[in-house]
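Novice: Put together the whole structure using the sequences plus the hints.
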Amino acid sequence: MNIGRRHTTKAFPWRRSLWIASLLTPALVVMVLFVLWPLLSAFRLAFYEFNGLQPIGFIGFENFRKVLFEQPYSDWTFNALKHNIIAFVALMVFENGTAFLLAYALLKALPGHRIHQVIVFLPVVLSAVIVGFLWKLFLHPLFGLVNQTLALVGIGAIPWLGNEHTALGSVLFANVWHWLGFPTLVLLAGMQRVSKEVIEAARLDGAGDYVLMTRIIWPLIAPSVTIVTILTFIGSFNWFEIPYVMAGLTGSPGGATDVLGLYFYRTAFGSTTTGIQDFGQGSALAVMMFIIVAGVTAIALRYLRRREIEL
Amino acid sequence: MSAAVGTRETGELLKNGAIQLMLAINAVIMIYPLFVMVMSSFKTNAEIFSSPFALPAHFSLANAERVWSETNFVRYLANSVGVTMAAVALILLFSTMAAYAIARYQFRLSALVLMFFLSGMTVPLKLAIIPLFIQLDSLGLVDSYAGLVLVYVAMGIPSAVFIMTGFLRTLPRELEESARMDGASEFRIMRSIMLPLARPALVIVAIQNAVPIWNDFFFPLVLITSDNLKTLPQGLTVFVGEFTTDWGVLFTGLTLAALPITLLYIVLSKQFISGITQGAVK
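Just so you know, the sequences run in chain order A and B. Positions 1 to 311 (the working numbering) are the ones given, in order, by the first sequence. Positions 1 to 282 (the working numbering) are the ones given, in order, by the second sequence.
Derived by calculation from the structure, the hints in this document are not laboratory data. No residue lacks a Cβ here, since even glycine has one placed at the ideal position from N, Cα and C. Treat the hints with caution; some may be incorrect.
[Claimed, not checked] Keeping only pairs whose Cα atoms sit at most 30 Å apart, straight-line, the calculated DSSO-like set for lysine-lysine is:
{"id": "1", "chain 1": "B", "residue 1": "K270", "chain 2": "A", "residue 2": "K108"}
{"id": "2", "chain 1": "A", "residue 1": "K108", "chain 2": "B", "residue 2": "K15"}
{"id": "3", "chain 1": "B", "residue 1": "K126", "chain 2": "A", "residue 2": "K82"}
{"id": "4", "chain 1": "B", "residue 1": "K126", "chain 2": "A", "residue 2": "K66"}
{"id": "5", "chain 1": "A", "residue 1": "K66", "chain 2": "A", "residue 2": "K196"}
{"id": "6", "chain 1": "B", "residue 1": "K126", "chain 2": "B", "residue 2": "K270"}
[Said to hold, decoys possible] Derived, one-sided and incomplete: chain B residues facing chain A with beta-carbon distance under 8 Å:
{"id": "7", "residue": "P33"}
{"id": "8", "residue": "F49"}
{"id": "9", "residue": "A78"}
{"id": "10", "residue": "I261"}
{"id": "11", "residue": "L263"}
[As the list claims (entries may be wrong)] For the chain A half of the interface with chain B, some residues (derived, Cβ under 7 Å), not all of them:
{"id": "12", "residue": "A42"}
{"id": "13", "residue": "I119"}
{"id": "14", "residue": "V120"}
{"id": "15", "residue": "L126"}
{"id": "16", "residue": "A189"}
{"id": "17", "residue": "G282"}
Specialist: Rendered as structure tokens:
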């Protein structure tokens, strides 16, 4: 009976193929229609002139030339790019630096460390829109929590988001508050994988916290540092929500918080203030952002992985 | 000797004290803003401006009533619930089916199919928004739930297939062989024997996708224009535009928007943390 059945399945391989194909089809169709095709088109469309939604003619590198070399587009592009780079460096130092210290503190597993992990990760699960608006209210020059607190120690009202020197820093601060828990727990997980024996051995050899942290933990968590660095880079170059919510579509004041994500969105989908809407230039910007992110990620991965292997 | 041990213990105690102090300060920085947000939602405007640090004089629900009656908040909330649930359900369904085929059967092209899905993990779909918009427009799906849901499904499938394939491969072959011997159909084997075992992986995949979809702002901003179709994060921007000076209502809106996911997070914090950091801690 059983043997007979096995023969029947063997005798109808097309039934098996049909079954496998029907399992794969829905996922494949969605991927082809909404990932593969749009992605390939994104590269193609960057070389076209547009009229509204319609590509009307191949124009070579004209869109790239405009956003890179023609005023005022090139000024906007490089102004935004500068802020993405500042954001990456600032987040590496302040967000990931703080995260490293917190992770090391949590590694000690002192009383309350579990609840602290839950607390530090709480903002991560909230929408960037909530976080952005919350900090926008708190940073209000007159009635915001931050200036009200500073007033208690006699510091006068600072227009955090209104001043071009403090605006980007303020937006970055909200971003650090939002995401801090992510690198903290990723680095903590990396530290927890460093074997207890290694740490004990170092301690017995008289290594203090500083030596332990810099000579043992830091090199051994290289894989976690790699992943955090790369995710921070991708995040900094796709940065959109918090600047949009806190500083608006034009990166106010006067472009002080403009980043490539905002500039790309303005170019592609228009804005009430500039009135420009150009899918061709938008596509060129998207392709450039894609190349920056993919290229730097690939190079960084090779360089950082080498550091991991040398250990 | 004992004196030396004593100093070392005192030193350790001091150091641990310093670490606990640093953690306590950090906890206050993380929690206090949210506490003020919740407390301010019970306050009148005048109270928020004049006594920002005080507890509300009365725990008044007046602001919440205004959010309920004067805004589209409930509609936005319902839209977010619907879109998130539909997208996560389809991600689980499609990815599990595909992963099951890849993990449990040997067929030509299986490695290639898996590669195709995995390569999708590296694609930032935001940067393909222009062709995606044109594509959805030609299908008549701009400004519809369906368009938004399909984009989320496409975004979620690659990593979901990756996790599910890895998990389904670990299930023992004997189970399915003996069922096959007993004459169970392939569908029955999948549905009744293998999938119930995959539940832990399904929970991780569901959370990993539900959180970013629930919180997403970019895709609704581009794809949805009708107020009745807007999701919660997008609706909040409308709402904030209407009540710029009414801080009591604003804080109430933010509190109510944060409430559902916060409650879920408190109950399922372990699963949330492992779902969201999944991929970065391996």
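Novice: Run every hint past the structure and note whether it holds.
Specialist: Here is how each hint holds up against the structure:
no. : hint             : result
1   : B/K270 to A/K108 : holds, 19 Å
2   : A/K108 to B/K15  : holds, 11 Å
3   : B/K126 to A/K82  : holds, 21 Å
4   : B/K126 to A/K66  : holds, 22 Å
5   : A/K66 to A/K196  : violated, 57 Å
6   : B/K126 to B/K270 : holds, 29 Å
7   : P33              : holds, 6 Å
8   : F49              : holds, 5 Å
9   : A78              : violated, 16 Å
10  : I261             : holds, 5 Å
11  : L263             : violated, 11 Å
12  : A42              : holds, 5 Å
13  : I119             : holds, 5 Å
14  : V120             : holds, 6 Å
15  : L126             : holds, 5 Å
16  : A189             : holds, 4 Å
17  : G282             : holds, 6 Å
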